[in-house]
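Between the sequences and the hints, there should be enough to build the whole structure, so can you do that?
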Amino acid sequence: MARGKFIERVLFFLALSSISSLALITFFIFLEGLPLILHTGLTDFIASSHWAPTKGHFGILAMIVSSILVTLGAIVLGVPLGLSCAIVLAEFSPERLKRILKPTLELLAGIPSVVYGFLGVIWLVPLIRDYLGGPGLSLLAGSLILGIMILPTVISISIDALTAVPDTYREGSIALGATQWQTVRRVILPAASSGIITAIILGMGRAIGETMATIMVAGNALKLPASILDPVRTLTSNIALELGYAAGRHREALFATGIVLFVIIMVLNFSATLLTRRK
Amino acid sequence: MRLDPRLTQILAKTLLWALTGFTLLILLFIIVDISVKGLPQVTPLFLFQNPQDLGRAGGIFSTIIASAYITGLAILIASPLGVGTAIYLTEYTREGWATRIIRFGAECLAGVPSIILGLFGFVLFVMKLGLGWSVLSGGLTLAIMVLPIIIRTSEEAIKSVPRDYRTACYSLGMSQWQTITRIVLPSALPGITTGIMLSVGRSLGETAVTLFTVGAALRTPTTLFDSGRTMAVHFYILAREGISMPNAYGTAAILMISILLINLTAYTLMQRLMKRYS
Numbered sequence: 000m001a002r003g004k005f006i007e008r009v010l011f012f013l014a015l016s017s018i019s020s021l022a023l024i025t026f027f028i029f030l031e032g033l034p035l036i037l038h039t040g041l042t043d044f045i046a047s048s049h050w051a052p053t054k055g056h057f058g059i060l061a062m063i064v065s066s067i068l069v070t071l072g073a074i075v076l077g078v079p080l081g082l083s084c085a086i087v088l089a090e091f092s093p094e095r096l097k098r099i100l101k102p103t104l105e106l107l108a109g110i111p112s113v114v115y116g117f118l119g120v121i122w123l124v125p126l127i128r129d130y131l132g133g134p135g136l137s138l139l140a141g142s143l144i145l146g147i148m149i150l151p152t153v154i155s156i157s158i159d160a161l162t163a164v165p166d167t168y169r170e171g172s173i174a175l176g177a178t179q180w181q182t183v184r185r186v187i188l189p190a191a192s193s194g195i196i197t198a199i200i201l202g203m204g205r206a207i208g209e210t211m212a213t214i215m216v217a218g219n220a221l222k223l224p225a226s227i228l229d230p231v232r233t234l235t236s237n238i239a240l241e242l243g244y245a246a247g248r249h250r251e252a253l254f255a256t257g258i259v260l261f262v263i264i265m266v267l268n269f270s271a272t273l274l275t276r277r278k
Numbered sequence: 000m001r002l003d004p005r006l007t008q009i010l011a012k013t014l015l016w017a018l019t020g021f022t023l024l025i026l027l028f029i030i031v032d033i034s035v036k037g038l039p040q041v042t043p044l045f046l047f048q049n050p051q052d053l054g055r056a057g058g059i060f061s062t063i064i065a066s067a068y069i070t071g072l073a074i075l076i077a078s079p080l081g082v083g084t085a086i087y088l089t090e091y092t093r094e095g096w097a098t099r100i101i102r103f104g105a106e107c108l109a110g111v112p113s114i115i116l117g118l119f120g121f122v123l124f125v126m127k128l129g130l131g132w133s134v135l136s137g138g139l140t141l142a143i144m145v146l147p148i149i150i151r152t153s154e155e156a157i158k159s160v161p162r163d164y165r166t167a168c169y170s171l172g173m174s175q176w177q178t179i180t181r182i183v184l185p186s187a188l189p190g191i192t193t194g195i196m197l198s199v200g201r202s203l204g205e206t207a208v209t210l211f212t213v214g215a216a217l218r219t220p221t222t223l224f225d226s227g228r229t230m231a232v233h234f235y236i237l238a239r240e241g242i243s244m245p246n247a248y249g250t251a252a253i254l255m256i257s258i259l260l261i262n263l264t265a266y267t268l269m270q271r272l273m274k275r276y277s
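Residue numbers (numbering that gives the first Met the number 0), protein chains in the order written: chain A, 0 to 278; chain B, 0 to 277.
Warning: the hint list may mix true and false statements.
Okay, the calculated bits of chain B under chain A, using three or more residues with CB under 8 angstroms as the criterion [as the list claims (entries may be wrong)]: (1) 7–16; (2) 20–34; (3) 112–123; (4) 196–205; (5) 237–251.
Straight line, CA to CA, 20 angstroms or less: simulated EDC-like cross-link-like pairs of lysine to aspartate or glutamate [to be verified]: (6) K4(A) <-> D225(B); (7) K274(B) <-> D159(A); (8) K158(B) <-> E94(B); (9) K97(A) <-> D159(A); (10) K158(B) <-> E7(A); (11) K4(A) <-> D52(B); (12) K158(B) <-> D225(B); (13) K54(A) <-> D229(A); (14) K101(A) <-> E90(A); (15) K274(B) <-> E94(A); (16) K158(B) <-> D159(A); (17) K54(A) <-> D43(A); (18) K12(B) <-> E94(A); (19) K101(A) <-> E155(B); (20) K12(B) <-> E90(A); (21) K274(B) <-> E155(B); (22) K97(A) <-> D166(A); (23) K127(B) <-> D225(B); (24) K222(A) <-> E241(A); (25) K274(B) <-> E105(A).
Keep in mind that the hints were calculated from the coordinates and are not lab data. Yeah, the Cβ is synthetic: ideal placement off N, Cα and C, and Gly gets one too.
Written as structure tokens, this is what we have:
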């Protein structure tokens, strides 16, 4: 019996690995970034757009705004597309077709973000430059690529939400003479709404945290965008572009950028967890 | 004006199917474009020769070695932790505060973006622990990244093993640990393998983490403390600095096709397991 207890202890210790990793990550990001926020002042850090690390100006407002705009753009494209796929797979598609379509769509999740970014540069950026104007590397290009990249997240969580709706709902609605589409729109979607909102929130988390694809297609310019065709630099891009050579206060500022990003992501994750738990 | 419900249904279904078709087309386009332009570059020489002249010439051998080395290390670290967590969650506890904290940790960790992990690995492993840009720093950071994937899939796999199996073992006088190691884990193995394979795919494609923990040095890493350049980072640098488009496409093709094949096999394994016990 003593052996059983010992094994349980060891397993419990292993099970703490994820929560302790999370604690370590939080601790070290704050340890490195917080001194700069205290030094510059939180308002000067997040409410100023003046980023000139060599001259001691660390304002990341433009990047926060850019990150939010790129993410909203990704949601505008990714959610209708992803939700359509989820509805088709969960409600309309015959079982046999579903068994092929679902794993196929899941392949989108396997494609590395650098490949998305690369294809964005090769195909999307020239199209935007030639037909819509501007430099091509833009807020729009970032949103479109991220919109595609969040599809797997939106699709798989929405499918789970839709299939969790009991079949009696469908049968009841059809029995009342509703068409299949009326059933989906008036019964299934409202019943699955908290799951679908979770899908959207986690999709936002994916989009705002994506780095490599954004660096490659969004243009990385250091100013508040005036149009969707303007190049933008997101929080993630800022970290990745400058970490290679930053030192001292400058490096601290990049970790502080990380803190802002980390807090946004944790708020999103937390609201997603709360939503699923309430159900 | 109110449309006939049957007409609305036809319109709605057409639109939804069209959007689904469009999504599939995007996927198809990505795979075809990369394969058609990349695969012709892939010759035995490309696979087994080191990059020369910053990647303008030669192949990608050293980057394949670096990717395999780092991924292998990450899996070696993350698997016992992940599978152990899954066993603890499914076999040893009732739902309570402990499981809630563990699950919360895994869920949040899954949502941490790779650039934050890159920052973390850089400050802790590369700087504070003095490991430098190295295979070890990269492996440790990637292990944290894939931990939630292994936990989630292993838990699902272990849960799918029927209760009866355990009851039968206990009635034969086996201890809980014997039941787990001799019956439950072997039955759940395909599912656990799925998690590990998905983690391999995720690690191979990761760029932000490896760039800041392993570096971008074009050399073949031999010890755990050597820096190196993974396939994904090599591809990123080739493409971004416009060093060589043909070689960028070739690297992307190998990277993407191997990840897709790994993911597809993982998916099939999980489906088979679920079918066997449902």
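- Pair hint outcome, K4(A) versus D225(B) [Cα-Cα no greater than 20 angstroms]: violated (41 angstroms)
- Holds or violated: K12(B) to E94(A), with C-alpha atoms at most 20 angstroms apart: Status holds; Cα separation ~17 angstroms.
- Message: K158(B) and E94(B) were given as a pair; does the straight-line alpha-carbon distance stay at or below 20 angstroms?
- Response: Holds - the C-alpha atoms of E94(B) and K158(B) are around 14 angstroms apart, at most 20 angstroms.
- With a cut-off of 20 angstroms on the C-alpha distance, tell me whether K274(B) and E155(B) pass. holds (13 angstroms)
- Task: Take a quick look at whether K54(A) and D43(A) sit within 20 angstroms of each other, Cα to Cα.
- Result: holds (15 angstroms)
- Item | Given coverage of the region 7–16 of chain B by chain A, tested with a Cβ cutoff of 8 angstroms and a minimum of 3 residues | Contact hint for the region 7–16 of chain B vs chain A: holds, 7 residues under 8 angstroms.
- Query: For the region 196–205 of chain B, does the count of residues with a C-beta closer than 8 angstroms to a C-beta of chain A reach 3?
  - Reply: holds (count 4)
- Query: Has the given pair, K222(A) with E241(A), been kept, meaning a C-alpha gap of at most 20 angstroms?
  - Reply: Between K222(A) and E241(A) the Cα gap is close to 16 angstroms, so the pair holds against 20 angstroms.
- For the pair we were handed, K97(A) and D166(A), check the Cα-Cα distance against 20 angstroms. It holds: about 18 angstroms lies between the C-alpha atoms, which stays within 20 angstroms.
- Taken at face value, is the distance from the CA of D159(A) to the CA of K274(B) at most 20 angstroms? The hint holds at about 18 angstroms.
- For the pair we were handed, K101(A) and E90(A), check the Cα-Cα distance against 20 angstroms. holds (13 angstroms)
- Task: Could you grab the alpha-carbon distance between K12(B) and E90(A) and see if it respects the 20 angstroms cut-off?
- Result: Distance of about 10 angstroms is within 20 angstroms: holds.
Hint violations for this structure: numbers 6, 11, 12 and 13, all remaining hints satisfied.
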